[in-house]
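K.L.:
In order, the protein sequence lines correspond to chains A and B.
Position one of the first sequence corresponds to residue 67 (my numbering), numbered consecutively onward.
Position one of the second sequence corresponds to residue 67 (my numbering), numbered consecutively onward.
Treat each hint with caution, since some may be false.
Which copy? The list can't say, so a pair holds if one copy fits it or any two copies do.
Stated by the list, open to error - Heads up, simulated BS3-like pairs for lysine-lysine below, C-alpha to C-alpha not over 27 Å straight-line: (1) K102 - K565; (2) K153 - K210; (3) K620 - K101; (4) K449 - K489; (5) K117 - K338; (6) K248 - K102; (7) K351 - K613; (8) K351 - K217; (9) K399 - K351; (10) K137 - K101; (11) K399 - K570.
For the record, the hints were derived by calculation from the structure and aren't laboratory data.
There are 2 protein chains.
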Amino acid sequence: MAQTVADRRDVDFVLHEQLDVQQLSEHDTFGEFNKKTIDLIVSEARNLARKELLPYLREADEEGCTFDNGKVLVPKAFHRAYDLFRKGEWIAMCDDPRWGGQGMPATVALAANNYFNGANFPFMLHNILIHGAGKLVERFGTDKQKNLYLKNMYTGKWGGSMLLTEPDAGSDVGALTTRAVKNDDGTYSIFGNKIFISSGENDLVENIIHPVLARIEGAPAGTAGISLFLVPKFWVNDDGTMGDFNDVICTGIEEKMGIHGSPTCSMALGGKGGCRGTLLGAENKGMRAMFVMMNEARLHVGMQGFACAGASYLNALNYARERIQGPALTAPKGAPGVPIIQHPDIRRILLTMKTFSEGMRSLLFYVGFLEDLMTVSSNDADKARYQGIIDVLIPVAKGYVTDRAFDMCSLGVQVFGGYGFTKEYPQEQLLRDCKITQIYEGTNGIQAMDLLGRKLGLNNGGAFMDLVAEVEKTIAAAKKESLLTPLSDILETTLHHLKETAGKLAGDLGSDNILAAFAHAHPFLDVTGDTLMGWMLLWRAVTARQKLADKPQKKDVAFYQGQVMGARFFITTVLPVAQAKMAVIQTGDASALEMAEASFGS
Amino acid sequence: MAQTVADRRDVDFVLHEQLDVQQLSEHDTFGEFNKKTIDLIVSEARNLARKELLPYLREADEEGCTFDNGKVLVPKAFHRAYDLFRKGEWIAMCDDPRWGGQGMPATVALAANNYFNGANFPFMLHNILIHGAGKLVERFGTDKQKNLYLKNMYTGKWGGSMLLTEPDAGSDVGALTTRAVKNDDGTYSIFGNKIFISSGENDLVENIIHPVLARIEGAPAGTAGISLFLVPKFWVNDDGTMGDFNDVICTGIEEKMGIHGSPTCSMALGGKGGCRGTLLGAENKGMRAMFVMMNEARLHVGMQGFACAGASYLNALNYARERIQGPALTAPKGAPGVPIIQHPDIRRILLTMKTFSEGMRSLLFYVGFLEDLMTVSSNDADKARYQGIIDVLIPVAKGYVTDRAFDMCSLGVQVFGGYGFTKEYPQEQLLRDCKITQIYEGTNGIQAMDLLGRKLGLNNGGAFMDLVAEVEKTIAAAKKESLLTPLSDILETTLHHLKETAGKLAGDLGSDNILAAFAHAHPFLDVTGDTLMGWMLLWRAVTARQKLADKPQKKDVAFYQGQVMGARFFITTVLPVAQAKMAVIQTGDASALEMAEASFGS
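Here chain A stands alone, though its shape is the one from the complex:
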């Protein structure tokens, strides 16, 4: 069998040929990350993923998590995997080495995460939660907080979570009711109930540090009155030793459709009056802190969804090459069966899965690469420009990517036919696991509103236009290649329509038509994503054509030709449809708004 989890050739292509990530090593910050080092890291991640994470994907799904009187047991196999993950120092790949981080470029960490999440995304949720919580401490913590918690988190000795959601405060975080009361010693007593808390309780770690959103008594209503606190499961004494249990109780875990290896906890804080936390960052600035972390978290969710889709593609490809079923369509009667990859409809599905998942890989790695460019840049204008483009791309990298990733996982089941519906193959689990990525960290409806309502107008539309300018660079490069000119023409027209559509919606946002604009927010996310996929695939094709001119090895020829063919397939079949969707958005149909509530059904 060929590769699983993620196609190594393609991961390397994006890192070294499309993005040329080793250029980062020219800067001191990433000086040690030359190509050899990068390849070593990615190979190690790949081995760990394939040998230690992938084999337990199904087992962990079936075993699930167990709740017993406040305790939560994760799947047994996760303990060994977690030990290896800690030993490999994979939790804080990009973070400050002073605190146990590895200081590597974000792009390289994304490549490693591609393998990890493609192999066992439910397992990876534990680690991303620890890292996210740690990052909050690193960004907003006092020296004391960092000294007490951070190294233990980044090295995986202690866990982390994120306590935001409450039963009546999901998409509307500002509605939360968890209270914080200041004590004489400067700590806060916390009272409240949280739900949907991934890794809120588990037996992988001896302590868990919970960042908690709560409202200090007397603080304003809504998001303006929300503060962030660090609430350890066991209190941490000033000398770093662990103290008493801190009255943070897991009251149950959800039964759910997928990610069974990741416990989704309900948490009660201060039920016995004994829960204390320390303020993280400034009073009433909790939402600001969450927003700062949001880009990273949402990019990571995009990675989770994409990794499922990418793994599903490779499984489907391998199956289609081996599964004999039916003779070739043009074969004479009685001809023997052939591998189903020879059937046109299966080829169409496979090429759809390939182009979408490869386009997603490029898009996600590109966002990481922009972060790295920001890190090494000494020019404030450049930094601001990179940040703007990242901000525009995040709702696409989360919302569009996970929407399409779910579609791809569904196609990945279809290729297997009846077998795809059984637990004998990983396809159905990838589909079930992938579904959560469309929901958490802000539903994709929220992502669409973010793109339209916040990001489109960022810097007076300058951020969006900076992104457009990047796309135009690729179009210009493709025009120099006669073979790619027809494709660059289609992308150029699509981009033109996208700008028009964005302009129309931006106008509506500032008018009485604001609700109609938001009724088209998700379609706008769709067409923006389609255009950016087209861009990434054309960029790949341009790169591949350049490489083909250098007369590469036979195996590479097939790879590069596949890039050109994939771009042609996507750009000539998906983008014209995206243009029609843009035209529909511009007509501004308001039926969904005008519909009387009673007309939806009695």
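Following the hints, put chain B in place on chain A, whose structure we already have.
P.N.:
Frame of chain A; chain B shown alone:
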């Protein structure tokens, strides 16, 4: 809370206002099925579905089926439900009363099945299998076979299944290897292994009659050598009593993504040499018999998928009306939260789910209505015309409907946010259960090939054009209504493009481009389905406008206005995109075919 399972007003609308199904009672065959009787039947089905099937949906999903040494236990709650189902005589709704059937119109049975499947589709699988097996006996059985088996099947005393698939013969049925050897007494000894057999073994019934596809020794290879046999679990003596166990052994059941209440069995026939069957129909004509039954089976799978989507819609609607989250977008800062049905993106999702599911209901009921018209018609040309339209519609009713139904179930999860991913609500189960409808009874890839390869050219394209003529009738009716003229114009243009696209593909089928045509088979299924959805919704709008002219009650006004608004939403936002997809098909992109196999990945 409002309605669940299926919207009664909408079911009645299709039956009595769109299709005017009681006109069938003018014919002797359906003489007793006047409106009052129809409403009584549908009400009874609705009550049974909501009170006795829906409450056990989740319980049965969690309990699942149990395999123990050849025996299969279905969920406990199914026993009571099955007793009620039998007592209500719901298994053979449309069949010959001589054999225990109810002789009702297919359209009315579809309405009942809408409720049953929307409430508990895994339970319903048992019944549809019994009915399908019985129908084979009714259609192809000798008098003796009918007398021995049929009444016990139609009344649910005995079960039924369908033994087609083998490990290496799925989509390619002709590859099957199960053998039949003729005995001196005229029976056949059967030897082989089957997989993916729904209800192949279960504890609901005392005997199971298995129709089995097998190859008689010496018969030709491929589908031309396949015969159909009746193989009872326990041999049935000539006097109707049950004899010895017939060496039909269930060797295991699949663990799978959904429909956990329906056992998916592996079956070993004749492992000890003791399995006998009788020929059903003529030697080597087994595939012909299966094809005759296929329309009914595929229509029913469309119903299963649609019923999941319809139930998911009503759940989402009820939730959106009750779930408070976030203030209205245009409200001043600090405004209180509102039910999420007031948010534009949720409205867009709900209207999408409403229009697709209602269009599906109309399409499926319409197919049933055509069957009924065929039944009552005494004109052979009419009968042939109806049959042709049905034949064209079946791959759409199965393939397109279940594709979109799965999408709608996915949207139905999104409306619930994080809760949608939990087992606390039915949304995730509807999504999981629905997935199988895209796969079994011929994957949707097979449906697409059926539409393109068989149905488009049926009667030299006459069947397709007969369908087109029906669409044109609605367009003409809509043109008389100024409010609907813009919509009928869009549908007319779309229909024109569909004919062009069909013509282009039909040309390709008869040329060297045949593989390219099949690479566009699934997109062609998509656009055909979109066009037919637009038709059904315009037909609904025409009907609703007529009813509005009669000054109906306030509640009905809301319903009818919803129909007009739904048609506007769908036709102005979905059909222009479908037109673009048709243009793409016509460009005939062959990338998926030209792609070297190595280029898909190493």
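K.L.:
State for each hint whether it applies.
P.N.:
To see whether the hints hold, each was checked on the structure:
1. In this assembly of identical chains, the alpha carbons of K102 and K565 never lie at most 27 Å apart, being 41 Å within a copy and 58 Å across copies at closest.
2. Taking the shortest alpha-carbon separations for K153 and K210, only the intra-copy value of 26 Å comes in at or below 27 Å, while the best inter-copy value is 73 Å.
3. Within a single copy, K620 and K101 get their C-alpha atoms as close as 23 Å, which meets the 27 Å cut-off; across copies the closest is 72 Å, which misses it.
4. In this assembly of identical chains, the alpha carbons of K449 and K489 never lie at most 27 Å apart, being 47 Å within a copy and 45 Å across copies at closest.
5. For the homomeric pair K117 and K338, neither the shortest alpha-carbon distance inside one copy (45 Å) nor that between copies (42 Å) is at most 27 Å.
6. Within a single copy, K248 and K102 get their C-alpha atoms no closer than 52 Å, and across copies no closer than 70 Å, so neither meets the 27 Å cut-off.
7. Taking CA atoms no more than 27 Å apart as the test, K351 paired with K613 passes in neither setting, with 50 Å inside one copy and 57 Å between copies.
8. Proximity of K351 to K217 under the C-alpha cut-off of 27 Å is restricted to the intra-copy arrangement: shortest distance 25 Å within a copy versus 73 Å between copies.
9. Proximity of K399 to K351 under the C-alpha cut-off of 27 Å is restricted to the inter-copy arrangement: shortest distance 18 Å between copies versus 73 Å within a copy.
10. Proximity of K137 to K101 under the C-alpha cut-off of 27 Å is found in neither arrangement, the shortest distances being 45 Å within a copy and 60 Å between copies.
11. Within a single copy, K399 and K570 get their C-alpha atoms only as close as 57 Å, which misses the 27 Å cut-off; across copies the closest is 26 Å, which meets it.
Hints 1, 4, 5, 6, 7, 10 from the list above are not met by this structure, while the remaining hints are.
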